[in-house]
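*Asks:* Spelled out, the chains give:
Number of protein chains: 2
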Amino acid sequence: MKREGSPKVPTRSKPSRRGSWIGFAGLAWELLIVGSLALNLVAIALFASPSLDEGGAPPLDFDAEASVAASAALVGSKHSEGRDEEISVSSTSGSRPTSKDAVINLDHGDPTMYESFWKRMGHRGDITIAGWQGISYFSDVTNLCWFLEPEFDHEIRRLHRLVGNAVADGHFVVVGTGSTQLFQAALYALSPPDTPHPLSVVSAAPYYSSYPAVTDYLRSGLYRWAGDASAFKGNIYIELVCSPNNPDGSIREAVLKSENGTIIHDLAYYWPQYTPITHAEDHDIMLFTVSKTTGHAGSRLGWALVKDKDVAKRMIKFVELNSIGVSKDSQFRAAKILKAISDGYELPNPKNKYKLFDFGHLLMSVRWKRLREAVKVSGIFSLPEFQSSYCTFTGKRTETYPAFAWLKCEKEGVEDCENFLRSHKILSRNGKHFGAARKFVRISMLERDETFELFIERLSSLT
Amino acid sequence: MKREGSPKVPTRSKPSRRGSWIGFAGLAWELLIVGSLALNLVAIALFASPSLDEGGAPPLDFDAEASVAASAALVGSKHSEGRDEEISVSSTSGSRPTSKDAVINLDHGDPTMYESFWKRMGHRGDITIAGWQGISYFSDVTNLCWFLEPEFDHEIRRLHRLVGNAVADGHFVVVGTGSTQLFQAALYALSPPDTPHPLSVVSAAPYYSSYPAVTDYLRSGLYRWAGDASAFKGNIYIELVCSPNNPDGSIREAVLKSENGTIIHDLAYYWPQYTPITHAEDHDIMLFTVSKTTGHAGSRLGWALVKDKDVAKRMIKFVELNSIGVSKDSQFRAAKILKAISDGYELPNPKNKYKLFDFGHLLMSVRWKRLREAVKVSGIFSLPEFQSSYCTFTGKRTETYPAFAWLKCEKEGVEDCENFLRSHKILSRNGKHFGAARKFVRISMLERDETFELFIERLSSLT
Numbered sequence: 001m002k003r004e005g006s007p008k009v010p011t012r013s014k015p016s017r018r019g020s021w022i023g024f025a026g027l028a029w030e031l032l033i034v035g036s037l038a039l040n041l042v043a044i045a046l047f048a049s050p051s052l053d054e055g056g057a058p059p060l061d062f063d064a065e066a067s068v069a070a071s072a073a074l075v076g077s078k079h080s081e082g083r084d085e086e087i088s089v090s091s092t093s094g095s096r097p098t099s100k101d102a103v104i105n106l107d108h109g110d111p112t113m114y115e116s117f118w119k120r121m122g123h124r125g126d127i128t129i130a131g132w133q134g135i136s137y138f139s140d141v142t143n144l145c146w147f148l149e150p151e152f153d154h155e156i157r158r159l160h161r162l163v164g165n166a167v168a169d170g171h172f173v174v175v176g177t178g179s180t181q182l183f184q185a186a187l188y189a190l191s192p193p194d195t196p197h198p199l200s201v202v203s204a205a206p207y208y209s210s211y212p213a214v215t216d217y218l219r220s221g222l223y224r225w226a227g228d229a230s231a232f233k234g235n236i237y238i239e240l241v242c243s244p245n246n247p248d249g250s251i252r253e254a255v256l257k258s259e260n261g262t263i264i265h266d267l268a269y270y271w272p273q274y275t276p277i278t279h280a281e282d283h284d285i286m287l288f289t290v291s292k293t294t295g296h297a298g299s300r301l302g303w304a305l306v307k308d309k310d311v312a313k314r315m316i317k318f319v320e321l322n323s324i325g326v327s328k329d330s331q332f333r334a335a336k337i338l339k340a341i342s343d344g345y346e347l348p349n350p351k352n353k354y355k356l357f358d359f360g361h362l363l364m365s366v367r368w369k370r371l372r373e374a375v376k377v378s379g380i381f382s383l384p385e386f387q388s389s390y391c392t393f394t395g396k397r398t399e400t401y402p403a404f405a406w407l408k409c410e411k412e413g414v415e416d417c418e419n420f421l422r423s424h425k426i427l428s429r430n431g432k433h434f435g436a437a438r439k440f441v442r443i444s445m446l447e448r449d450e451t452f453e454l455f456i457e458r459l460s461s462l463t
Numbered sequence: 001m002k003r004e005g006s007p008k009v010p011t012r013s014k015p016s017r018r019g020s021w022i023g024f025a026g027l028a029w030e031l032l033i034v035g036s037l038a039l040n041l042v043a044i045a046l047f048a049s050p051s052l053d054e055g056g057a058p059p060l061d062f063d064a065e066a067s068v069a070a071s072a073a074l075v076g077s078k079h080s081e082g083r084d085e086e087i088s089v090s091s092t093s094g095s096r097p098t099s100k101d102a103v104i105n106l107d108h109g110d111p112t113m114y115e116s117f118w119k120r121m122g123h124r125g126d127i128t129i130a131g132w133q134g135i136s137y138f139s140d141v142t143n144l145c146w147f148l149e150p151e152f153d154h155e156i157r158r159l160h161r162l163v164g165n166a167v168a169d170g171h172f173v174v175v176g177t178g179s180t181q182l183f184q185a186a187l188y189a190l191s192p193p194d195t196p197h198p199l200s201v202v203s204a205a206p207y208y209s210s211y212p213a214v215t216d217y218l219r220s221g222l223y224r225w226a227g228d229a230s231a232f233k234g235n236i237y238i239e240l241v242c243s244p245n246n247p248d249g250s251i252r253e254a255v256l257k258s259e260n261g262t263i264i265h266d267l268a269y270y271w272p273q274y275t276p277i278t279h280a281e282d283h284d285i286m287l288f289t290v291s292k293t294t295g296h297a298g299s300r301l302g303w304a305l306v307k308d309k310d311v312a313k314r315m316i317k318f319v320e321l322n323s324i325g326v327s328k329d330s331q332f333r334a335a336k337i338l339k340a341i342s343d344g345y346e347l348p349n350p351k352n353k354y355k356l357f358d359f360g361h362l363l364m365s366v367r368w369k370r371l372r373e374a375v376k377v378s379g380i381f382s383l384p385e386f387q388s389s390y391c392t393f394t395g396k397r398t399e400t401y402p403a404f405a406w407l408k409c410e411k412e413g414v415e416d417c418e419n420f421l422r423s424h425k426i427l428s429r430n431g432k433h434f435g436a437a438r439k440f441v442r443i444s445m446l447e448r449d450e451t452f453e454l455f456i457e458r459l460s461s462l463t
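Listed in order, the protein sequences are those of chains A and B.
Residue 184 in UniProt numbering sits at position 184 of the first sequence; the count goes up by one each step and never skips.
Residue 451 in UniProt numbering sits at position 451 of the second sequence; the count goes up by one each step and never skips.
The set of hints was computed from the structure by calculation and includes no laboratory data.
Note that the coordinates shown come from a computational prediction; the quantities given were computed from them, not determined experimentally.
Be careful, since some hints might not be right.
Given that identical chains are not distinguished, each listed pair holds provided it fits within a single copy or across any two copies.
In the DSS-like style, the derived pairs of lysine-lysine whose C-alpha atoms are separated by at most 30 Å in a straight line are [unchecked claim]:
hint	residue 1	residue 2
1	Lys376	Lys396
2	Lys432	Lys313
3	Lys425	Lys100
4	Lys257	Lys351
5	Lys432	Lys317
6	Lys432	Lys408
7	Lys307	Lys317
8	Lys100	Lys411
9	Lys425	Lys317
10	Lys309	Lys425
11	Lys425	Lys313
12	Lys411	Lys369
13	Lys100	Lys313
14	Lys313	Lys369
15	Lys313	Lys257
16	Lys351	Lys233
17	Lys411	Lys376
18	Lys408	Lys376
Please construct the entire structure, taking both the sequences and the accompanying hints into account.
*Replies:* Here it is in structure tokens:
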């Protein structure tokens, strides 16, 4: 259905699905990629057959952006500031590979695999914002978090009730510019303002590679990165518990047990597509992000569930000082996106068969199956193993399919897995950034189908 | 024109224009307010007569939100953490007064006066974002600022060329979550990472009240607030130059002249509605914000024009560490909003007579005229005076109409103007927060018509 009179976000012009492709890499490769994608497509088709009349875009649309980016694709980047930098943006970041031997960038956890789901959703995920809406700084001054849009608050609580992964009742919702901002807000909130020495911030290795850099970049007098929680000696600290853990997918609890210590639970990946939901978490500070829930990383939106009012107030004060609140546009949109997800489960409708967590879980299961097969074929890598558990959300025993693969090179003579993969034009994140050995790398499992399939093909060929 | 199939941002239900009003404050007051608004309405009508077929909402629409907020309105707030807090959010923040003796909150620079312009613009400022758009973290990896949307970049440069207020050519555009984030990014970029002592950050008093708090809240080892630039002794520093200045509207240059010092130019208010555009500024770091340009404070979006590549890179690194980029949704929308403004001037069209800067300038001129009259009638206040200048944008000699009024109490026995106004239910920001005397307050001139008119009426009555 075409809509008149509603201006759309400008999109870059799209060539035909062949166009630049054939000239660039040849028909043979195009056919190969389409062939290798069959498994995913079949899996997806099982529960979500797009109807033509719903305006869903074709699932494997190639656009001009990819061709432009790819034509400049190089290993490394003109913008890269060296591999010790936390995030190394290269000319291949966020784009599709455009030939069989292209660089495959799996360094970031860019959740572009969700694009195809939202294309299938048709207009259910669309939003129109009128020019005059959302002008004021204030969203709801009756809420402690005065910059939280009421609809977003409502849909967050509804989604947690639906999924059963966290207790939102009795918690304040604090919205942030991604969970990255909320992580800093929580550090600020938990550090005494007049502390003579910075509070120690720790996390059990392997820990999320951003924690050290984000804790230390301003050399704050309030808090300071103190490394692996398992090696920490002391009673006063902030322990970061990421569960399921980034990078290795493990389910975690705090390793330190002091009464004077505090804990931030980063639950970005505690959603049914990645792991069985075994119970509703009910901690003092729980962080979530839209990026890993729905795929909308570009919206830069996260939320915290916070039990203590004074801690919530200090987190809100941080967001106020750091950015005077959080984009209303992102909140309007995310409210719509979360609503579409919950409606998919709660409003039975033969036309409304699009279920995000089902899509995500099935796609992740196919990907992990293919990854484990490729690792077996290659014979030079290993992966963590996970036990299945009963998932209260699906009502079934389900497997764990983490958003990242924590891959270890077992090949003799290879000490640095990232370098080894880089020599085969696969970009990954070195284990050393996670407080682990360089034999490990973190690989994103959330890229677009064609990127993932090319990765599997290349990994299988390594010996 | 009604559009089918394009879901809108949920809006709170609107009662009829009387409804709760009459019950609450009586018809008499409603008539008074409507009467006092006549001057503004006439002024606006001079150049922007809304056509019914364009879907523009009525200009003085009262909605349920205001009634709800107002029914709880109190002087002070349950959320206020005391007047020394930088931003004191109260139950009256962002809402309209609902009776003649209601609290009038002019503490914030909430630019809600722009709502009526965007309502008149009809669908020209609307945007529809499809569910699958803007998923990736990355906007354009060929740009140094990889999270900057190309359309937003384009419209920023176009607007600066149109207005002639700043040289964008030869500058990098760095996008931020409001200019507040970019201010911190600039501090980070200008501070040597290995500095043994925090760099001194100064600004000539009266300075923007947020500068000290935003500089110091994390007790950074990189930089530290050092107060009034005019009193600073030393050669190494970052000087903040806000021009036109918040709070007093004065045109400023750096007061310190050391070769080893650096300067951040905060040009948030250097737009034709507030001040004559006398020349295009061409400094190393220039900060702008969508809030004060178009009114969209809720979008939390700003931009910096940065001359030096390494400084730009470090600012980008800050935004990466602070929030992994900036909301794409806000950027999509702001690109559309800026485009609508530039189109209003550059695409002559009898139906397209809506010109933001003309609207803003005319409305501000009416408001300043009324404010000066009220001050004269009252006899206990004074205001700064400004010289007119030739404005290269309008091609006319124009006056200065700052976004804030820097009001001084001249009444004998009144040492604290904020307290005095508060006793008359007018909330303002105390001069002490700006490094000035308590006889001064900052008053927002950007609130909605009815708030401003009630303020003028009450101010005139004070003796």
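*Asks:* Pop the pair Lys257 and Lys351 into one bin, within, between, both or neither, using alpha-carbon distances up to 30 Å.
*Replies:* neither (50 Å within a copy, 69 Å between copies)
*Asks:* Within a copy, between copies, both or neither: where do Lys411 and Lys376 come within 30 Å Cα-Cα?
*Replies:* within (13 Å within a copy, 85 Å between copies)
*Asks:* Checking an output row: Lys408 and Lys376, CA cutoff 30 Å. Within, between, both or neither?
*Replies:* within (13 Å within a copy, 78 Å between copies)
*Asks:* Since the copies are identical, ignore which copy is meant and state whether Lys307 and Lys317 lie within 30 Å (CA to CA) inside a copy, between copies, both or neither.
*Replies:* within (16 Å within a copy, 32 Å between copies)
*Asks:* Within a copy, between copies, both or neither: which one fits Lys351 and Lys233 at a CA-CA cutoff of 30 Å?
*Replies:* Neither: 57 Å inside a copy, 71 Å across copies.
*Asks:* Reference check for the pair Lys376 and Lys396, CA-CA at most 30 Å: within, between, both, or neither?
*Replies:* within (28 Å within a copy, 76 Å between copies)
*Asks:* If the cut is 30 Å between Cα atoms, do Lys425 and Lys313 qualify within a copy, between copies, both or neither?
*Replies:* For Lys425 and Lys313, the Cα distance is within 30 Å only across copies (26 Å; inside one copy 47 Å).
*Asks:* Is the C-alpha distance from Lys100 to Lys313 at most 30 Å within one copy, between copies, in both cases, or in neither?
*Replies:* For Lys100 and Lys313, neither the intra-copy (52 Å) nor the inter-copy (33 Å) Cα distance is at most 30 Å.
*Asks:* Since the copies are identical, ignore which copy is meant and state whether Lys411 and Lys369 lie within 30 Å (CA to CA) inside a copy, between copies, both or neither.
*Replies:* within (22 Å within a copy, 79 Å between copies)
*Asks:* At most 30 Å between C-alpha atoms: does Lys313 with Lys257 qualify within a copy, between copies, both, or neither?
*Replies:* within (26 Å within a copy, 41 Å between copies)
*Asks:* Between copies, within a copy, both or neither: which fits Lys425 and Lys100 at Cα up to 30 Å?
*Replies:* Within one copy only: 11 Å inside a chain, 70 Å across chains, cut-off 30 Å.
*Asks:* Within a copy, between copies, both or neither: which one fits Lys313 and Lys369 at a CA-CA cutoff of 30 Å?
*Replies:* neither (45 Å within a copy, 40 Å between copies)
Going through the hint list in order, the structure does not satisfy hints 4, 13, 14 and 16.
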